[in-house]
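Starting from the structure of chain A, add chain B where the hints point.
Number of protein chains: 2
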Amino acid sequence: MTETSVFAPRASTEQVEEGRLFTPKFDADGLITCVVTDAGSAEVLMVAHMSEQALAKTLTTGEAWFYSRSRQKLWKKGESSGHSQRVVEMRVDCDQDAVWLRVEQIGAGACHTGRASCFYRAVPLRQADFRRLILEFRNAEKVFDPAEVYGEKDKAPRK
Amino acid sequence: MTETSVFAPRASTEQVEEGRLFTPKFDADGLITCVVTDAGSAEVLMVAHMSEQALAKTLTTGEAWFYSRSRQKLWKKGESSGHSQRVVEMRVDCDQDAVWLRVEQIGAGACHTGRASCFYRAVPLRQADFRRLILEFRNAEKVFDPAEVYGEKDKAPRK
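Taken in sequence, the protein lines are chains A and B.
By the working numbering, the letter at position 88 of the first sequence is numbered 88, and the numbering carries on one by one without gaps.
By the working numbering, the letter at position 29 of the second sequence is numbered 29, and the numbering carries on one by one without gaps.
Looking at chain A on its own, in the form it has when it is part of the complex:
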């Protein structure tokens, strides 16, 4: 991702952290982590990964594109569901190895299970038995029917 990158090359730590040039760092698999929050509610909607191409397409179009590790392909959020995400703001973190999208969620929900957010379960703290940690559903009501949106037979996560 270095010599052939479409983005500016990374320089010193000082420049990466305090500079004004966007120099995203992709990991060994060529991906950068992306957090997506709802620009209105500030709820975390999902965490996904972007390849260089996904990041470039997001920047160009103002709509969220990602790279699916399971399907090993570039995908546009909402390409199956119609539930796309319009980017209100993109931020980058100090060492420029993660991006944060504040989005306007188009359509009912961000999660392929039918919920508004992918984070619809809480993990209990301070429980002794890690093999029996019982999740608690929170804000988990379905806002759309995934069987209707994706089709009954297609169970592959596509968010």
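None of these hints come from the bench; they were simulated from the model.
Remember, predicted model here, so these are calculated numbers, not experimental data.
Cβ coordinates follow ideal geometry from the N, Cα and C atoms, glycine included.
Errors might be hidden in some of the hints.
[What the hints assert, rightly or not] Examples of chain B residues toward chain A, derived with CB under 7 Å:
#1 Ala8
#2 Phe22
#3 Val35
#4 Val47
#5 Leu135
[As the list claims (entries may be wrong)] Just the calculated beta-carbon pair ranges, DEER-fashion:
#6 Gln15/B with Glu148/A: 19 to 29 Å
#7 Gly30/A with Val143/B: 30 to 40 Å
#8 Ala147/A with Asn139/B: 38 to 48 Å
#9 Glu79/A with Ala147/B: 44 to 54 Å
#10 Val143/B with Glu89/A: 16 to 26 Å
#11 Asp27/B with Arg138/A: 23 to 33 Å
#12 Ser5/A with Val88/B: 31 to 41 Å
#13 Pro124/B with Pro9/A: 10 to 20 Å
#14 Val88/A with Asp27/B: 28 to 38 Å
#15 Gly30/B with Arg138/A: 22 to 32 Å
#16 Gly40/B with Glu89/A: 14 to 24 Å
#17 Arg131/A with Leu74/B: 13 to 23 Å
#18 Lys76/B with Ala128/A: 17 to 27 Å
Relative to the frame of chain A, chain B by itself:
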């Protein structure tokens, strides 16, 4: 991370997505992505990674522990700075390969550069020249002096 995991083994997609058992998925490096937001402001503070041990320590203590990929070691948030994070809530996403911590940030800020959040720069959208994308500083005022907190000579990111 499968047979020796301290957490429950993963079963069907249906159980992972709709079930009540916590079955976190670690990647090939044994890590899970973690998003940290401020429980008060809902601002995204940072993105980091947890090893199985870091996740277990976070669950047990109610304070945020991570795994540093650059330093290749377990670390407690605030071990150098004193700026620890008390977990108000932990959530897990649909496929259980990312966790979201809502925290009370103890001390001035979450970012090792001295800011409240690591995401203090915005990336401009719809610019043609990807090699010259000029970041815009947002909420970037320093809330503590990193030289004072970490020492002048130690420039390694430790957040």
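Now for the hints, and whether the structure bears them out:
1. Ala8: Hint holds; Ala8/B Cβ to chain A Cβ min 5 Å, cut 7 Å.
2. Phe22: At about 4 Å, which falls below the 7 Å cut-off, the nearest Cβ of chain A leaves the hint on Phe22/B intact, so it holds.
3. Val35: Nearest chain A Cβ about 5 Å off; hint holds.
4. Val47: 4 Å, holds
5. Leu135: 5 Å, holds
6. Gln15/B with Glu148/A: 19 to 29 Å: The hint (19 to 29 Å, Cβ to Cβ) holds, given that Gln15/B and Glu148/A are roughly 22 Å apart.
7. Gly30/A with Val143/B: 30 to 40 Å: For Gly30/A and Val143/B the Cβ distance comes to about 34 Å; the hint holds.
8. Ala147/A with Asn139/B: 38 to 48 Å: 42 Å, holds
9. Glu79/A with Ala147/B: 44 to 54 Å: 47 Å, holds
10. Val143/B with Glu89/A: 16 to 26 Å: Distance hint for Val143/B, Glu89/A holds at roughly 21 Å.
11. Asp27/B with Arg138/A: 23 to 33 Å: 25 Å Cβ-Cβ, so the 23 to 33 Å window holds.
12. Ser5/A with Val88/B: 31 to 41 Å: With a Cβ separation near 38 Å, Ser5/A and Val88/B satisfy 31 to 41 Å, so the hint holds.
13. Pro124/B with Pro9/A: 10 to 20 Å: 19 Å, holds
14. Val88/A with Asp27/B: 28 to 38 Å: 29 Å, holds
15. Gly30/B with Arg138/A: 22 to 32 Å: 28 Å, holds
16. Gly40/B with Glu89/A: 14 to 24 Å: Holds, at about 20 Å.
17. Arg131/A with Leu74/B: 13 to 23 Å: 21 Å, holds
18. Lys76/B with Ala128/A: 17 to 27 Å: At roughly 20 Å between Cβ atoms, Ala128/A and Lys76/B fall inside 17 to 27 Å, so the hint holds.
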